[in-house]
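**Student:** Residue-level listing of the chains:
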Amino acid sequence: MHLQTLEERLSHIGLQLGMLSRSDGSAFFSIEDTSVIANVQGPIEARMSSQKPDVAIIDLNLLPSHTVAPSSKLEINVGGMENIIFKFIEKMIMRELYPHSAIVITIQIISDYGSLLSCCINAVCSALIDAGIGLNHVLAATSFCFINDQCHYFIQKEVEHRLVENSVEEFYELTIAQTRDGRVAMTSDFPFTSNQVDHCLNVVGKSSQAIFDVYTHACKKKLNVLS
Amino acid sequence: MCEVEVDDVIFGGDFVKLPENIEIEDVNLGPGLVKKTDRIVCTHSGILNFKQKKSLFWVNSPQKRYIPALGDHVIGIICGKIGDYWKVDIGSSRYASLGVLSFESATQRIKPDLKNGEIVFGRLIQADPDMEPEMSCIDAQAKSSGMGVLSSTDGAYFSCSLNFVRSILSSSCSLISGLHKLGVSFELCVGLNGRIYISSTTDPKIIMIVANAIRNSDTLNNEAIQDLLQEIRKTLNK
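Chains as they are written, first to last, in the working numbering: chain A, 1 to 227; chain B, 1 to 238.
What the hints contain is simulated information worked out from the structure, not anything from laboratory work. Ideal Cβ positions, reconstructed from N, Cα and C, are used throughout, including at glycine. Hints are not guaranteed to be accurate.
[Said to hold, decoys possible] To be clear about the criterion: a stretch of chain A counts as covered by chain B if any three or more of its residues have a C-beta under 8 angstroms from a C-beta of chain B, and this derived list gives those stretches:
#1 139-152
#2 177-183
[Unchecked claim] Just a few of them, taken from the derived set where beta-carbon distance is under 7 angstroms, the chain B residues facing chain A:
#3 C2
#4 E3
#5 K17
#6 H44
#7 A127
#8 S171
#9 S174
#10 G178
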């Protein structure tokens, strides 16, 4: 068992578009053992009370894989996570194309072994592409975690816990989402040093390129143009 | 900055790389692209296509939800009636309204009597994003031109993706011409909102054969479609 390099991690990405028959756009995205399904319905009719006359409203729901006791370590902060994901995608969707409508995005977590935020962002982007909704840019997210000064890419908690000598209580992730032309948006749940951030920014280009290649392949497969 | 060439997958926010000898002023843009200052930017992700003759760029993107466009022929299901208008479900975010008098030879005294669930084929006469769409079953000369109520004859109705519907209506697809050669009589109605209706007055079995042939052609290329129709022709001739 060794620390996985970026290339090894990237070879375990899975994406399938349009697997839900009743939805306008859907994507199943998995990195190693973490997997997530994103479902997009839209643009659909919004309730009279919540519709806006100039833009579409975006309704994002995150559904955890299982319900746990409130104080359990397995519990994820659903509301907090929804807000973070919403912040990433709010400016991505061209809302002014669909006034008086709603775009409802539902993310169902199938299994969570780490790197959940980046998995969710990638799944939502793929589902929006599948739904044919106008987008200002498309994001490919990568998550980084530093343990004993070593950078883990798309960390998977179960496996890598055994690699670490002193058992680490918390894994702090830095998630960097990059557009195709190199602009980044990032978030972390704990402060990182500027050296660590620089290292991540140097590496994120390769990782995003690989994720965009996965999107491209899935899109071609969907539109039947695989040569 | 990400520049994408023709026939490649383009994502929202990417720029189009113009082929040689094409100037930005001469370019015509189809769905999925907009012109911003001196560049062409993609808004809908998909495959970038180019037609040399018209200098036309467009993006073929996967889509199931219909966005109403003026002049499109669509198939809808009656969902209710408000005053002199029926509410029709055309697969867009809002129901379309269909006037009671928008049928050939309909007058104030003789109005068509449609129930919920009836299937109609009409044309969109108003498709503004800010207002609910409006459709009509008569053309500008007050003739039906093939539009009207479809469900008066028994048939099969199903929905499919918008790309599939556009490709079967294009001249490069051999599905419809192949179905002609099956030698069975049926009526096929294709709505640009991703809805298809097939009816036949001779044999109900034919409806299901044609419906299944069309549904299964979704993921097939022209050659595979010809093989499929060949198989069907053999079973019909037995």
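**Student:** Take the hints in turn and mark each one as holding or not.
**Tutor:** Hints, one by one, checked against the model:
no. : hint    : in the structure
1   : 139-152 : violated (count 0)
2   : 177-183 : holds (count 3)
3   : C2      : holds (4 angstroms)
4   : E3      : violated (9 angstroms)
5   : K17     : violated (13 angstroms)
6   : H44     : holds (6 angstroms)
7   : A127    : violated (13 angstroms)
8   : S171    : violated (18 angstroms)
9   : S174    : violated (15 angstroms)
10  : G178    : violated (18 angstroms)
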